[in-house]
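**Q** Sequence:
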Amino acid sequence: MPKQRTLAQLTLEPRTAVGTTASHALRAAGKIPGVVYGHGQSTPIVIDAKQLTNLLVSGNRSRVVSAQIGSTSDSVLLRRIETDPISRKPLSVDFQRVKRNEAITAAVPIVTVGVPYGVKEHGGVLDISLRTLELKGPAESIPDRLEIDVSALDIHEHVTAGQVALPKGFTLITAPETLVVAVEITRAEVAEESDVVAPVAAVAPAEPPAS
351 MPKQRTLAQL TLEPRTAVGT TASHALRAAG KIPGVVYGHG QSTPIVIDAK QLTNLLVSGN
411 RSRVVSAQIG STSDSVLLRR IETDPISRKP LSVDFQRVKR NEAITAAVPI VTVGVPYGVK
471 EHGGVLDISL RTLELKGPAE SIPDRLEIDV SALDIHEHVT AGQVALPKGF TLITAPETLV
531 VAVEITRAEV AEESDVVAPV AAVAPAEPPA S
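If you want my numbering, it's the 1-based position in the sequence shown plus 350.
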């Protein structure tokens with residue numbers, strides 16, 4: 351896992367201008383509109399685009415960070431970024447106001463490690479059914495990702511959400527029986543199997559009717 355960089359306190363400026371026109375003007379000025387919610391409050395804010403980029407590349411995207419919101423010092427967690435489907439530039443952001451020892455829910459990305467045995471030895475394919483797991487635990491300890499070692503998986507073997515190892519202090523919110531990854535045969539192999547004609551059972555000749 352990449353080493354985290356030291357991240358200075360975020361500056362989130364409260365904003366009064368809302369709507370599409372105001373948001374376009376902010377982005378043109380190098381700022382990203384957003385909102386800080388939580389603890390019974392919802393505050394429209396704006397963050398400098400460069401500062402948001404620094405947050406994303408610092409390795410602290412899933413971490414609780416200090417923020418100055420107007421005249422108030424607080425701690426926040428980046429919850430959502432809306433991006434342009436073509437340019438991938440940020441359009442808006444959501445932050446959640448949290449205490450560092452507060453238990454919250456979070457969708458944590460899943461990363462597979464290794465090449466499955468069934469892929470290497472039997473030409474199977476790795477099918478990833480779920481990209482994130484919903485967890486609940488201390489806000490300050492939310493992992494950046496959950497790693498699943500798939501090296502030992504053979505054809506028709508799988509891993510469910512309940513089989514994924516979680517960090518200490520976290521509980522699983524996703525249903526434990528939910529399929530996460532599986533190794534299956536390829537479509538070509540399925541077609542080949544379906545083309546195999548089963549042998550026709552021998553039929554005894556009918557006896558002539560009694561005279």
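If you are wondering where the hints come from, they were derived from the structure by calculation, not from laboratory data. Owing to the predicted nature of the structure, the values given are computational and were not obtained by experimental measurement. Glycine included, each C-beta is placed from N, C-alpha and C at the ideal position. Be a bit skeptical, because a hint or two may be false.
[To be verified] Between beta-carbon pairs, the in silico distance windows are:
1. T422 / S442: 28 to 38 Å
2. L476 / T361: 18 to 28 Å
3. L476 / T403: 29 to 39 Å
4. S437 / G519: 15 to 25 Å
5. T371 / H508: 24 to 34 Å
6. A375 / H508: 42 to 52 Å
7. T528 / Q418: 34 to 44 Å
8. L529 / R430: 31 to 41 Å
9. T528 / S421: 18 to 28 Å
10. H506 / Q418: 22 to 32 Å
**Q** All hints, please: hold or fail.
**A** Hint-by-hint comparison with the structure:
Under the hint 28 to 38 Å, the C-beta atoms of T422 and S442, about 21 Å apart, miss the expected range. The hinted window of 18 to 28 Å between L476 and T361 is violated, with their beta carbons roughly 43 Å apart. In this structure, L476 and T403 meet the distance hint of 29 to 39 Å, their C-beta atoms being roughly 33 Å apart. Checked against the given bound of 15 to 25 Å, the beta carbons of S437 and G519, roughly 39 Å apart, lie outside it.
In this structure, T371 and H508 break the distance hint of 24 to 34 Å, their C-beta atoms being roughly 50 Å apart. Between A375 and H508 the Cβ separation comes to about 50 Å, which falls inside the hinted range of 42 to 52 Å. A hinted range of 34 to 44 Å holds for the C-beta pair T528 and Q418, which are about 40 Å apart. For L529 and R430, the hinted distance range of 31 to 41 Å is not satisfied, since their beta carbons lie about 26 Å from each other.
Between T528 and S421 the C-beta distance comes to about 44 Å, which lies outside the given range of 18 to 28 Å. The hint said 22 to 32 Å for the Cβ distance between H506 and Q418, and at roughly 54 Å that hint is violated.
Hints 1, 2, 4, 5, 8, 9, 10 from the list above are not met by this structure, while the remaining hints are.
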